[in-house]
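S.K.: Protein chains in written order, with full-length UniProt numbering: chain E, 1 to 253; chain R, 1 to 307; chain X, 1 to 357.
Treat each hint with caution, since some may be false.
The calculated lysine-lysine pairs, modelled on BS3-like cross-linking and capped at a C-alpha distance of 30 Å, are [claimed, not checked]:
#	chain 1	residue 1	chain 2	residue 2
1	E	19	X	334
2	E	242	E	214
3	R	294	E	19
4	E	110	X	114
5	E	152	X	334
6	X	310	E	152
Rather than coming from a laboratory, the hints here were simulated on the basis of the structure. It should be emphasised that the depicted structure is a prediction, and the values quoted were computed from it without experimental measurement.
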Amino acid sequence: MSDILLEAKAVAKHFGGVKALRDVSLTIRRGEVYGLIGPNGAGKTTFFNCMTGLYIPDGGGFVFDGLALQADAPHQAAERGIARTFQNIRLFGNMTAIENVMVGRHVRTKAGVFGAMLMNRRTRDEEAAIRQRALELLHYVDIADRADDLAKNLSYGDQRRLEIARALATEPKLLCLDEPAAGMNATETEELRVLIEGIRNDGTTVLLIEHDVKLVMGLCDRVAVLDYGSLVIEDVPAVVQKDQRVIEAYLGA
Amino acid sequence: MDIFLQQIINGLVQGSIYALVALGYTMVYGIMGLINFAHGEVVMIGALVSITVTGTLAAAGMPLGLAGLCGLVAAILSCMALGWSLERIAYRPLRGSPRLTPLITAIGMSIVLQNLAMIVWGRNYMTFPPLLPKINFEFAGTHFTLVQVVIVLLSAAMMAGLVFLVYRTKLGMAMRATAQNPAVASLMGVNTNRVIAAAFVVGSALAAVAGVMVGSYYEIAHYQMGFMLGLKAFTAAVLGGIGNLAGAMAGGVLLGIIEALGAGYIGDLTGGFLGSHYQDIFAFVVLIIVLMFKPSGLFGEKTGDRA
Amino acid sequence: MKNWLNPRSTVGIALIAVALIALPFVVGAAGQAWVRILNFAILYVFLALGLNIVVGFAGLLDLGYIAFYAVGAYTWALLASPHFGLHFPVWAILPIGAVLACFFGVLLGSPTLKLRGDYLAIVTLGFGEIVRIFMNNLNSPVNITNGPQGITLIDPVRFGDFSFTGTSQILGLTLGGPQKYYFLLVALAILVIVINVRLQHSRIGRAWQAIREDEIAAKAVGINTRNVKLLAFAMGASFGGIAGGIFAAMQGFVSPESFSLIESIMVLAMVVLGGMGHIPGVILGAVLLTFLPEALRYAVTPVQMALFGKILIDPESLRMLIFGLALVLVMRFKPAGLWPSPERSRELGDKVAEGAK
């Protein structure tokens, strides 16, 4: 098993004349927390969307876990082991918290319509296991007491946590978090840091897009910086922090 | 080749009518995302009102041409009133309700209007008075009538007028803004209620003209005439890319031509297996095929998924 | 399922069962015609629950649902009538009808399910019309459907020697044809209700709801949205096919007229008016919308006579006029349907509150 989990090879994406990504290449190693930072509009979310199949890259591609990722097949990305959250939280609002996580089990379970109609032993067992696992995950992100509340009625912080639980339910090898700390206060951010560290320690690689530089530098093993769609640097936080180009990108040269 | 040209001409006439009706669908859809199923009935009401008014005035001794003009104006005015009341009474109270709710209301209104028309005008076919003299033209081996010429020219004029309204007037700008984003438009001081009402009224006026055209083209009118016409026009609007004015016009004309050519050639194409009574399926078959390859219609904007 | 053992719900179920058994005899006292209407109500319950899978669960707007009903009906008509001289048994035709309808569902769905909601609506509508037009015209050069005249003398449902037409004596009771069909239909309706309930709370049901809520998020958690939608489409179509078969057998006659667009719209109206996605609501919608026009048929003439002393307005159009108005009024005052699911009415409550801000 190779040490490299995900390799982006010269990924390019443009919208009309705007080049959102210019040949971005980077590698994410197994077991690390990898940070992707950059000013607003640098192309971070576009990179995410290309990787998870929501956008088709105009050039380049991804190798995940030793095999190429198929473009334009979001559900396959999840099947291969890439789970994500969204910058502007996308939960199934009118489903309960536990149902949201149960939907996350979809890709790792099998029961079809005939199973549902017959309600045979296997289906019932699987259903029980789905509920069990979903409840465990709610405990894991510490919102088990809200299991039966509709997702849209949860507080903002709890919605973020629920989205992470739903992503974890797909048993990802790589968990991609798109600005999970956005809109959180200091306490909530700290709790989030602990949660992400826990996820990493439990063996899941994490890709983190984040604005909160302090959080990224404290948490990530390695960091990549995007600016105007190009990769500026990819290195350990200590080096990135001191890089002149990064400082310029953030402060505006 | 003569048949080909002839069918193109016939299709162009029918297509102009589709286009006028399609514009009504597309304006309402573009601004508020509603399929106004009752729009076809507005066309029907327009045709029947104009018959009654023209007939009454002509019987009272008014020259037919003038009576016809009065009939047309009466149809336009009553349809505008109808469109305004439809929006005000049936649709406005439903803003913000689940997506299918206004659709069912529209279907309900369609049933109501059809049956009201049947109660008022009866269930029999009514003969449309010949408003224009029967003049035939011949050109490059094809034949067409004055009515056909007038339909195409009048449609073109109406469409030009609509384009002017939408792109050159303040009301038009408000309409486009509301279509883009109603919430922001209203923050910028656009009275969205008035814009939506205006879309219904303008669309209904076009529908009234279309109704009179259909009536004088086929020389009959009937309380059920709006239904299939409405469906076809809506199909045309989707074909062109719903919400898009140019798309509705192009879709309408295209649909008319495809139908005419299809009806003319289907027998040859299928070796006599399928006859011209399959005419009505062309609209839908073409629609399905186009949408398979261009999911937003021919001229629709691509609505990409955004994460 | 456990609460079925609860004594109170056991009593409730027993009461419902008694009521369902007694119903055709009570209604039959008013005339066999009413039993037939009752049967149609149950057939529509079946049909509406089939469409509910597509519209209510998966959120796909299907305006051509009746096409699948037509496929089922014509399958039965062609395989069990003198038209081709074929007389297949029930256990063969119903599955063939269901599979065929399912096949058409997939045929229509696979290229079109990626379309946006309203585009899908018009495409399904077009498909419904195409099917109807073919049935109207496939009588030449080869006579397959017998055109607008339709197919007559269709075999009734028959199990061995037991036929569902004519009167027979069962357990000391005299049962007319419609009463026998009633029990068959109730059995089928219970089956489809159970299937609906189970589907709703299954892995697939959750996936449907997830797609309805947020398609992109559903894709991101690994749901193959196209296949899962197709599944809803195919299931709904199969139910339509079965209902169509029973319809053909019960009527003994089919013609394209029974499968017009207005029928599709009626079934959709049942689903939406009752309370989309909420099984009891859909049942209520189907029963109400079947009985309302019939009840109006009987009420309109006497009421006019009483009020005006003569028939002023054509009863048929007055009846439909009132029906249309009823649709408009229900949507005006109960936009989520007469009996929506608790979540959905809450969802709507929020929207109204937002609008008020």
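S.K.: Run the structure past the numbered hints and jot down the numbers of the failing ones, going up.
M.R.: 1, 6
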